[in-house]
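Taken in order, these protein sequences are the chains called A and B.
The numbering used here applies: residue 1 is where the first sequence begins, and numbers increase by one.
The numbering used here applies: residue 286 is where the second sequence begins, and numbers increase by one.
Note that these hints are calculated values from the structure, not bench results.
A virtual CB, placed ideally from N, CA and C, is assigned to each residue, including glycine.
A few of these clues could be false.
[Said to hold, decoys possible] If you want the footprint, here are the derived chain A segments under chain B, 3+ residues with CB under 8 Å:
(1) 142-149
(2) 175-188
(3) 205-212
[Claimed, not checked] Straight-line distance between alpha carbons at most 27 Å, and here's what the computed BS3-like set of lysine-lysine pairs gives:
(4) B:Lys653 - B:Lys636
(5) B:Lys467 - B:Lys582
(6) A:Lys139 - B:Lys504
(7) A:Lys139 - B:Lys607
(8) B:Lys651 - A:Lys139
(9) B:Lys607 - B:Lys584
(10) B:Lys504 - B:Lys574
(11) B:Lys470 - B:Lys397
(12) B:Lys653 - A:Lys139
(13) B:Lys573 - B:Lys584
[To be verified] Pairwise CB distance ranges (calculated):
(14) B:Arg580 - A:Leu103: 48 to 54 Å
(15) B:Asp658 - A:His88: 34 to 40 Å
(16) B:Arg369 - A:Val99: 54 to 60 Å
(17) A:Leu89 - B:Thr347: 57 to 63 Å
(18) B:Glu479 - A:Gly146: 25 to 31 Å
If you want the building blocks of each chain, they are given just below.
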Amino acid sequence: MNVYLLQLVNGVGLGMLYFVLAVGLSIIFGLLRFVNFSHGAFFLLGAYGCYHLVQMGMDFWLTLFFGPLIIGAFAWLVETFVFRKAYHLPHEMHILITVGLALVLQEAVIMYWGPLGHNVAPPDLLQGVVIWGDFIYPKYRLFVIGVGVALAVVLGAILEGTRLGAIVRAGSESTEMVSLLGLNIKRIFAMVFALGAATAALAGVLAAPIRGVDPFMGVEALGIAFVAVVVGGMGSFAGALAGGLLVGIVQSMMSTIWPPGANLMIYVAMALVLLLRPNGLLGRA
Amino acid sequence: MTNRRDFLKMSAVAGLAAHPLFSIAQSNDLVLACPTAMSGTFSAIGKYSDMGMRLAVEQQGTVLGKKLAYRMIDTEAKPATAVRRVQEAMQQHNIRFFTGALLSAESLAMSKEIHRAGGILLTNGGADELTGTECNRSTFRWALPTYSIIQGSARPLAELMPKAKRWYTITPQYVFGEDLLKNAKALFKEKGIEHVGNSYHSLTEREFSGHLTNAIASKADVLFLLNYGAQASDALRQAVSFGLKQRMTIIVAAASGLEQFEGLGADICDGVYFGAVYWHTIDTAFNKKFVSDVREKFKISPNYSLAAPYINTKMLIDAFNKAKSTDPKAVIEALEGMKFESLTGTEEIRKEDHQVLRDFYLIKGKAKAQMRDKDDYADIVDSSRFFLSPEAAGCKMA
């Protein structure tokens with residue numbers, strides 16, 4: 001099989017992981033207009049949560065549920081007791097507070113689990129590769145694509161087809177109007193923030209068997225998430241999907257075309273998109 | 286509760302204690318410093334370096350009638366910070382002897398500064414320039430140049446598997462990686478090996494699936510990973526997940542140490558070859574004693590980050606005793622050409638470029654079921670000693 005076709009498939013796999021990572025950041029910004037620089041830290045906690053639970057003897061499959069659930073609950077508390085008090089402040093303060101939280105969480109991870117990385121094995125069912133002619137791909141990465149697709153469908157259905165989704169979309173247009181309709185906007189904010197953090201944690205759990213866990217993985221993930229969200233359009237659910245896929249495909253294809261620039265070209269692609277569409281591929285003005 | 290009178294008494298005592306007149310005992314100490322990364326991504330290096338220094342200093346106790354002490358210096362893995370902190374140590378604390386620096390860029394920066402100020406640096410940086418084109422009389426190195434690493438890892442593997450003629454490399458695009466690649470290409474040419482492809486990657490790369498897809502498409506017999514530390518671990522982990530262990534032999538040019546195996550786990554390392562500057566099962570009397578001491582004191586097996594500062598400190602102590610002086614010039618003369626029993630056997634500091642001549646190891650990861658203890662991740666397959674001549678390395682000692 002042509003190496004570029006292999007890279008395209010690999011890029012889709014990477015892109016779906018980036019989508020899972022970025023979608024929460026996009027939803028949070030869409031509703032709360034809150035730039036969450038601690039998003040990478042929730043990814044980090046998800047990955048370490050998975051590692052810790054597996055070390056304790058929990059089945060990897062269960063960590064896919066309990067990891068995001070625990071981190072989502074933690075994020076709910078953080079939103080309620082910390083971030084909620086900062087929404088009315090300028091964006092600079094949002095950056096200061098969220099970066100501060102990210103650093104605290106990163107150092108907490110180092111204090112508890114140490115500075116060295118650890119491995120998380122994929123579940124037995126997903127060990128090995130799928131071989132189809134020249135096409136070789138890890139079963140686990142195919143599973144990640146499946147999870148990404150499933151998450152896109154479920155989140156799309158919730159946001160587009162349920163009352164909660166309608167409230168979230170309305171809230172992203174005008175939080176004041178939603179409040180005037182008698183809805184508890186604070187609780188909706190907390191719920192959406194927890195959902196966003198839980199998806200970051202899910203991405204962390206999914207990433208753990210691919211790249212292991214280390215205390216600095218959150219910083220790297222945050223960069224990728226921001227690129228995906230900015231490329232797709234801040235606050236756009238579909239944009240996060242498009243952005244994640246574009247970033248993954250560019251990174252993978254460039255590994256063959258110009259390997260040293262594989263990472264650099266992600267940011268070049270972002271700059272090009274912003275030049276042509278300042279609000280991102282699917283963002284609104 | 287402390288009242289005003291107690292507070293004044295304590296302040297007076299503290300003030301007197303800090304006065305130079307009352308610090309004579311401290312000034313009689315011979316203080317060594319270990320500038321290394323103690324925070325950030327490479328903080329684990331600092332943790333183990335501290336253990337290595339502590340063990341060597343505590344074992345020795347005193348030298349030439351002076352109490353031996355050491356100070357850890359956090360370089361934050363930044364060359365500029367490293368230089369500033371070394372300057373502070375020299376100017377404010379009159380420290381002249383530095384050991385243990387592990388990262389190439391900061392080692393190079395500190396080497397120049399310490400040479401300028403008349404100190405001594407025993408470094409473990411990997412950059413060839415340290416004992417090559419930028420060698421100087423103040424800098425000595427126990428770590429190995431890239432030529433030795435490639436010769437000690439790829440040559441024995443090529444000889445073990447003469448039919449494996451197609452090699453693919455993955456290389457980090459910075460000085461250390463480029464030097465490894467240059468030496469690997471020279472060896473491929475000598476051995477009639479076809480270099481079927483190379484993927485360069487940046488220093489921030491953590492996702493190697495694209496590069497591994499290239500390696501698969503090349504139908505190579507051997508995947509040769511020239512990256513180091515966390516990047517080598519990520520590349521190897523992902524290579525194994527892509528089933529490459531079943532399709533080709535994998536070799537990592539330079540393992541960062543035992544902690545890398547702990548992070549990866551036995552299942553990933555099983556059957557993979559690694560070049561190793563140090564491995565705790567080296568069969569020498571000196572190493573056996575060292576491993577035993579480390580296990581007794583720290584309850585762990587030593588890794589490279591712990592062993593390197595330990596042996597650097599021992600080299601310095603030997604040189605103090607040989608020179609019967611702590612004057613840096615006399616100590617440099619004592620170090621030059623010094624032969625000593627060490628972790629890898631009898632080692633020698635080459636006078637012409639200050640490179641320590643010693644063995645490098647090729648080790649092979651083993652299955653979990655075959656491990657004799659929790660640290661027995663690999664067997665030593667080969668040990669060898671390859672060095673360029675000082676002239677070929679480019680060293681012109683001033």
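Satisfaction of hint between Lys584 (chain B) and Lys607 (chain B), Cα-Cα up to 27 Å: Since the Cα atoms of Lys607 (chain B) and Lys584 (chain B) sit roughly 33 Å apart, the hinted pair is violated (cutoff 27 Å).
27 Å Cα cutoff - pair Lys651 (chain B), Lys139 (chain A): With a Cα-Cα distance of about 24 Å, the restraint between Lys651 (chain B) and Lys139 (chain A) holds, given a limit of 27 Å.
Proposed proximity, Lys504 (chain B) with Lys139 (chain A) (alpha carbon, max 27 Å): holds, 21 Å
Hint consistency between Lys139 (chain A) and Lys607 (chain B) [alpha-carbon to alpha-carbon, up to 27 Å]: violated, 61 Å
Range agreement (Cβ of Leu103 (chain A) with Cβ of Arg580 (chain B), hint 48 to 54 Å): At 35 Å between Cβs, range violated.
Annotated coverage of the region 142-149 of chain A by chain B, confirmed only when three residues or more have a Cβ within 8 Å: violated (count 0)
Pair hint Lys573 (chain B) and Lys584 (chain B), alpha-carbon separation not exceeding 27 Å: Roughly 15 Å between the alpha carbons, so the hint for Lys573 (chain B) and Lys584 (chain B) holds.
Distance restraint between Lys467 (chain B) and Lys582 (chain B), which requires alpha-carbon spacing of 27 Å or less: Violated, at about 42 Å.
Satisfaction of the hinted span 57 to 63 Å by the C-beta atoms belonging to Leu89 (chain A) and Thr347 (chain B): Once the Cβ atoms are compared, 59 Å apart, the range 57 to 63 Å for Thr347 (chain B) and Leu89 (chain A) holds.
Three-residue Cβ test at 8 Å for the coverage of the region 175-188 of chain A by chain B: Since three or more residues must qualify, the claim that chain B covers the region 175-188 of chain A is violated, with 0 doing so at under 8 Å.
Given hint Lys139 (chain A) paired with Lys653 (chain B) - CA-CA distance at most 27 Å: Between Lys653 (chain B) and Lys139 (chain A) the Cα gap is close to 23 Å, so the pair holds against 27 Å.
Pair hint outcome, Lys470 (chain B) versus Lys397 (chain B) [Cα-Cα no greater than 27 Å]: Violated, at about 30 Å.
Violated hints for the displayed structure, listed by number in ascending order: 1, 2, 4, 5, 7, 9, 10, 11, 14, 15, 16 and 18.
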